[in-house]
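Going line by line, the protein sequences match chains A, B and C. Count along the first sequence from 1, then add 70; that gives the number in our numbering. Count along the second sequence from 1, then add 2; that gives the number in our numbering. Count along the third sequence from 1, then add 115; that gives the number in our numbering.
Mixed in with the good hints, there may be bad ones.
Okay, derived cross-link-like pairs now, DSBU-like style, lysine-lysine, Cα gap no bigger than 35 Å in a straight line [stated by the list, open to error]: (1) 271(B) x 306(C); (2) 166(B) x 133(B); (3) 133(B) x 339(C); (4) 81(B) x 607(C); (5) 81(B) x 604(C); (6) 617(C) x 149(A); (7) 607(C) x 193(B); (8) 533(C) x 83(B); (9) 339(C) x 83(B); (10) 617(C) x 604(C); (11) 306(C) x 121(B); (12) 604(C) x 271(B); (13) 149(A) x 536(C); (14) 133(B) x 617(C); (15) 86(B) x 339(C); (16) 339(C) x 81(B); (17) 607(C) x 271(B).
Since the hints were derived computationally from the structure, they do not count as laboratory data.
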Amino acid sequence: MAHSAENNQDIYYVPHEGSLWPAIAIVGMFGTTVGASMMMNESSFGAPLMYAGIAVLLFMFYGWIKQVAGESMSGLYNKRMDLSFRWSMGWFIFSEVMFFAAFFGALWYARAISIPFIGGEGNNLATNLFLWDGWEAHWPTNGPAEWGGIFQTVAPWGEWGHGFKEWFNHSLPLVNTMILLTSGVTLEWAHHRLLQGKNGRAAIMLGITSALGVWFLYLQASEYAHAYADLNLTLESGIYGSTFYMLTGFHGMHVTLGTIMLIVITIRTAMGHFSKEQHFGFEGVAWYWHFVDVVWLGLFIFVYIL
Amino acid sequence: MSSAFMSRAGALMSKLAIAASLGMVSQAATAEYALNMPVGVTEISREVYDLHMLVFYVCCVIGAVVFGAMIYSIIAHRKSKGAKAANFHHSTVVEIVWTAIPFVILMALALPAAKTLVKMENTRGAEMSIKVTGYQWKWQYEYIDEDVSFYSTLSQDSNFARQKNSGVDLESVDNYLLDVDNPLVVPTDTKIRLLLTAADVIHAWWVPDFAVKKDAIPGYINETWMQIDEPGTYRGQCAELCGRDHGFMPVVVIAKTPEEYQAWLAAQKGAESALNGAAIATEQNVALAQ
Amino acid sequence: MSHAEAHDHHHGPEPGFMRWLKTTNHKDLGALYLMFSLAMFIVGGLMSLVIRAELFTPGMQFVDPQFFNSMTTMHALFMIFGGVMPAFTGLSNYLIPIQLGAPDMALPRINNMGFWILPIAFGMLLSTLFMDGGAPAGGWTLYPPLSMQTGDAMPFLVFSIHLMGISSITGAINVIVTILNLRAPGMDLMKMPLFCWTWLITAFLLIAVMPVLAGAVTMLLTDKYFGTTFFAAAGGGDPVMFQHIFWFFGHPEVYIMILPAFGVVSQIIPTFARKTLFGYSSMVYATAAIAFLSFIVWAHHMFTVGMPVAAELFFMFATMLISVPTGVKVFNWVATMWRGSMTFETPMLFSLGFVILFTIGGFSGLMLAMTPVDFQYHDSYFVVAHFHYVLVPGAVFSLFAAVYYWLPKWTGTMYNEKLGKLHFWLSTIFINVLFFPQHFLGLAGMPRRIPDYSLQFAEFNFMSSVGAFAFFITQFIFLYNLITTCRGKWEKATDQVWEGAKGVEWEMLPSPLPYHTFEQQPDLSDYEPHPTH
Ligand code: HEA
Ligand code: HEA
Ligand code: CUA
Ligand SMILES: [Cu+2]
């Protein structure tokens, strides 16, 4: 094994002096989760504790990432380290995929199994006759008890012909799809610029990407507002409302996180933290963003269209 | 408290010692029920019992072979006996053989199991239906089309005795924890369909002698069936954790000959209102006892 | 860069609590994980003693039914998530970098975080005992609607599970990346010790299913506090949906608890048989096959929920199939012993106990897999007997074996063999007194999760409780042996420790292990741990 070519490259950096960031992370998690729990139990200490926890978490992210970035830029990391980051990010994203899978699974189960069963399919005639009075299965639905009252769904896109504004306002999911797809393109664009060593141009493209993320979130929020105010589609709209908000909301949280990370790497790119050769910080965020993108496509199809 | 406990433990210990010293004879009297699954009183329960014994014997044989080889090797191939280690480390033929043989054995187990399963899930052709609803913590039985319906709760004697430190000698209680105020009454030799559901949380209706156990799930109805061969009283329990008193909602079924059953049913219909009153009274007693 | 030698004198750890809080050293973290799991085993064990004390005799003696259910629930959560899983993660931390010639785990700081999450997660969970409405009492399976009746404890329960999930996932990512990326030159995948292989696959299972559990409990939380109806039929949901999602996690979870045990045993048996492991590659493939199958058998926990027959048949067949690769493993172990030159030190004794008693637990698993018969066994003590056989003389015995096996390497001191043997024999006797009678109880019709029972179950429950207390007390022998060994009370261990031990840690490193093992990775190209054909 000829591995003596570049001796420096042989040392896999291990922070022997230890680190306090994990402990700070844990304090933050503790505050956040205990605070949230107490909130749910209607204790007035809950909210402050939770916000304090979140603040600690933000501080931790800032400090920890800053330290890692510093180590990376001072050349402590070798190729193996870079590869470790890549593998880790990949597996982390896989864990996120499985997290979403649980909620997609719930949607699929409701549509393919529980709703038809309540409607009497298979050997469930008795369920339908004795308990639900001949209720007919359909989708979307808030269940045989009409949980949360009559509601309307958010259409994936509106009809053309009443002017652009009208169409736009009724096509938020489609618009959001296009926003995210575009953001994927601008992000790759930024990557190419970075690979050419044009950090300034890369930062501009990243800025656009971040802005698209913010726009997406804004539209998503207005969609929710519209759904709550005009459509009576709420978290409490039975199984449709449950799955709709759980999936889109969980995705929205990911977009929020992704957007924050995009903003961070925009700044870092502008500050010249990344080089042609070494920019895992950039790539990790890019992978994450593409993942969030793909999940949205799944949502668009399975939640909005079908 | 602890002295009562010690004396009970002591009594059990001596009971155990006596049973052991009297040897197999005294043990054998209860062995059938205490050690193994009951054979039961339905065709299905007997098939299930046979399957249980089949898979049990298969496991015994495989166990004997595997543990036999292992123990032989532990005895014969020990260093203290001067055994020198051989140096074989794999054999494709052997490995294929011991992958294939278990596979064949599994098929031999799965096929009869599948047959019985299909039979068990076939509720068609039932001659009568009873809707069973689980509540925290009692059962409701409704005879479909018969206008007979009642609740079935843990018998008062058991309920008193089970309270913490009640001081009641449990031996003096009839069928401690396995007795109810209003048992389910059904005819023998009749295919009876049960429609199971629940009002609050999931329960499960289980009578070992029928090899019937099915979850009672709120909002859904599960179906199962039984056809009992012999008149008698059969006991079981709720088999899905349903909260505080999950251990205290037994199932008791009395199987009567069809004629006797018809007589019972007629009496029920006559006394319907009175019986409902009695059921409510019992409930109140239970509430008072707690 | 010659300072990168395998030496520990250039910088040792700083003293005091801060060392442990800040540490990024895989051996420190391994030790922390193991100590933490030891504490949780004791807490979980004490809870099981509350259960067994109440079940000593018929009638209610000590606790209220609700508290009894809390004990059952908490016992399982502490044993599974606090005991077995962290213990194996501890072993993985301690051993994998050494066995592969890696400088440390791939992401040492994340590794630290993964550990320190656990004390707060379990602190939160334990604190629920003192809350309004008591600790969770719906069983470790948390089935709704019952789990919706949990009081103030509910969000704490859910969030503590989220935290445990984060811990497991970060730990698993570290394992995978270390194995895939940090092996020393020449350490091919098919040269790795089986412990690394089984952990690689376990880590994959963890990453695949812990998030699913997190999703399931999140839906419980929103159903309770935010008005969703995932698990309520009136709104179009289904309580059974929770069970499907839970068991999609739950079944792979049980293999998460047993695959590393397989790895441990696969390393110990060859050592004391002084013979190469039989069928190394089929061991690897069998592990992968078990992991694959574990994703398609989950509904065998739900045969009584009223699935369509076709689904029941599928899950029955798939479940039974798992016996095939598991059997391959058992046969390989026996073939390894066959015509070996065996000695019976404590780690070997525990491994042999493992093989026999785990197999018995596997047999009862096969019986449970037969759907029509499972209708009788389900939710009875037969199931309790099954899973304790695979978990206690299975997973826990393998932990004992591992600790006895590697402790001399870690501490440089040989444990006391006499006490070790005593610990083994008493444990083996009492674990059978404890759990064997539960088979009979289940067959005779005793449901699980009940605080009181009718009189025909009295004798076997009595036996079982006696076994429980005796088994628990026996563990103090282990504790004593462990502590005295760590303090260096007994003989010094040699570098190889065991005559037949093969592998990097035994053949290339001193006992005790230096604080930093490899900064310069060793070249293992010529290293032949086992013949490849
Ligand atoms: C480490 C944990 C572990 C392991 C390894 C297993 C292994 C197996 N389990 Fe177990 N199981 C649990 C932990 C585990 N289980 C737990 C915790 C529960 C209850 C959860 C709860 O409800 O709370 C449970 C419940 C459970 C059920 C549900 C019971 C019920 O609730 O009704 C079933 C049903 O199929 C089952 C089956 C099996 C099978 C087929 C295996 C197989 O993997 C076993 C394979 C091994 C062998 C068969 C032995 C060796 C093989 C040979 C010597 C080869 C030749 C053999 C033959 C051809 C037969 N298990
Ligand atoms: C790994 C898991 C595990 C372990 C180890 C145990 C161990 C024990 N269990 Fe448990 N048990 C479960 C998992 C486990 N159990 C689960 C999942 C359930 C189902 C819960 C439910 O229904 O929801 C259950 C339920 C359960 C019941 C049924 C309760 C009921 O249905 O109401 C009973 C009753 O007897 C019981 C008893 C015991 C006893 C006496 C032990 C004893 O063996 C305990 C003795 C102590 C130890 C085993 C510790 C020894 C270990 C060490 C000293 C540490 C070594 C450490 C290192 C090497 C680092 N358990
Ligand atoms: Cu009803 Cu358990
Ligand atoms: Cu399983």
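Structure-based check of each hint:
Of the supplied pair hints, the one linking residue 271(B) and residue 306(C) is violated, its CA atoms being roughly 78 Å apart against a limit of 35 Å. A distance of roughly 34 Å separates the Cα atoms of residue 166(B) and residue 133(B); the hinted pair therefore holds under the 35 Å criterion. With a C-alpha separation of about 29 Å, the suggested pair residue 133(B) and residue 339(C) falls inside the 35 Å cut-off, and the hint holds. Proximity of residue 81(B) to residue 607(C) is assessed by CA-CA distance (about 24 Å); at most 35 Å being required, the pair is judged to hold.
Straight-line distance between C-alpha atoms of residue 81(B) and residue 604(C) comes to about 29 Å, which keeps the hinted pair within the 35 Å bound. This hinted pair checks out: residue 617(C) and residue 149(A) have alpha carbons roughly 31 Å apart, not beyond 35 Å. For the proposed pair residue 607(C) and residue 193(B), the alpha carbon gap of about 74 Å is over 35 Å, so the pair is violated. Between residue 533(C) and residue 83(B) the alpha-carbon distance is near 21 Å, which keeps this suggested pair within the 35 Å criterion.
Proposed proximity of residue 339(C) and residue 83(B) is contradicted: the alpha carbons are some 66 Å apart, above 35 Å. Pair hint residue 617(C) plus residue 604(C) holds up; C-alpha atoms about 26 Å apart against a cutoff of 35 Å. Between residue 306(C) and residue 121(B) the alpha-carbon distance is near 51 Å, which puts this suggested pair outside the 35 Å criterion. The suggested pairing of residue 604(C) with residue 271(B) is violated, with an alpha-carbon distance near 81 Å, which exceeds 35 Å.
A C-alpha spacing of about 48 Å is found between residue 149(A) and residue 536(C), which places the hinted pair above 35 Å, so the restraint is violated. Between residue 133(B) and residue 617(C) the CA atoms are separated by roughly 65 Å; this puts the pair beyond 35 Å, and the hint is violated. A hinted pair counts as satisfied when its Cα atoms are at most 35 Å apart, and residue 86(B) with residue 339(C) does not qualify at roughly 65 Å. A hinted pair counts as satisfied when its Cα atoms are at most 35 Å apart, and residue 339(C) with residue 81(B) does not qualify at roughly 63 Å.
Simply put, residue 607(C) and residue 271(B) have alpha-carbon atoms about 85 Å apart, too far for the 35 Å limit, and the pair is violated.
Hints 1, 7, 9, 11, 12, 13, 14, 15, 16 and 17 from the list above are not met by this structure, while the remaining hints are.
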